[in-house]
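**Student:** Here the protein sequences come in this chain order: A and B. All residue numbers for the first sequence refer to this note's numbering, where the first residue is 2 and numbers rise by one. All residue numbers for the second sequence refer to this note's numbering, where the first residue is 18 and numbers rise by one.
No false leads were mixed into what you were given.
Heads up, simulated DSS-like pairs for lysine-lysine below, C-alpha to C-alpha not over 27 Å straight-line:
{"id": "1", "chain 1": "B", "residue 1": "Lys73", "chain 2": "A", "residue 2": "Lys97"}
{"id": "2", "chain 1": "B", "residue 1": "Lys59", "chain 2": "A", "residue 2": "Lys15"}
{"id": "3", "chain 1": "B", "residue 1": "Lys59", "chain 2": "A", "residue 2": "Lys97"}
{"id": "4", "chain 1": "B", "residue 1": "Lys59", "chain 2": "A", "residue 2": "Lys58"}
{"id": "5", "chain 1": "B", "residue 1": "Lys73", "chain 2": "B", "residue 2": "Lys85"}
{"id": "6", "chain 1": "A", "residue 1": "Lys79", "chain 2": "B", "residue 2": "Lys59"}
In case anyone wonders, no lab produced these hints; they're calculated from the structure.
Here is how the chains run, residue by residue.
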Amino acid sequence: GAGVSQSPRYKVAKRGQDVALRCDPISGHVSLFWYQQALGQGPEFLTYFQNEAQLDKSGLPSDRFFAERPEGSVSTLKIQRTQQEDSAVYLCASSKDRGTGLQYFGPGTRLTVL
Amino acid sequence: GESVGLHLPTLSVQEGDNSIINCAYSNSASDYFIWYKQESGKGPQFIIDIRSNMDKRQGQRVTVLLNKTVKHLSLQIAATQPGDSAVYFCAENNQGGKLIFGQGTELSVKP
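Sequences are here, hints too, so could you generate the full structure?
**Tutor:** Here is the structure:
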């Protein structure tokens, strides 16, 4: 079956631009997570949705980062006024369980801010 | 604070040998652990998981061992193949849902 998909796979932005990253979770998965992965590091948690409810956004690094999942399926991570330190791979994961089960990851979006 | 860390950043093995990748965790209340494999340009891929009520779990060519006394996790890969070359992460699933990853170990398999 189809896994988690993300688009775009690569994004280059000029400093100060806004970007929007999309995640399509596995159909029927209740939980959706966003992670940020810097080069050579493990993924770091950003935010977590259970259906359309954002239950945890403690990992968002600043108020320039915003995530939504309005219909409990597709999610968008938006970064406003991008900075060079935002350059990273943004990973989306979904889980059929309510936050305590196995998470399946998408391929990620590599964001480069010039 | 909570952390999950790996002892070795790189591991080089000969094809056909067994590989062991280690991981330490600090949250004794953690009850679910996952090993992921990540190849260049791809997202983490599930390998094997284990819950805290178990000490050992086996999959195809892989075994995970959990030692709760010393808060240590290991991944054993039998008969390592070139296709096993990747970065391996252990992750701790805290009860709030988010995964806490270690830095990763890069496994290199020499033919």
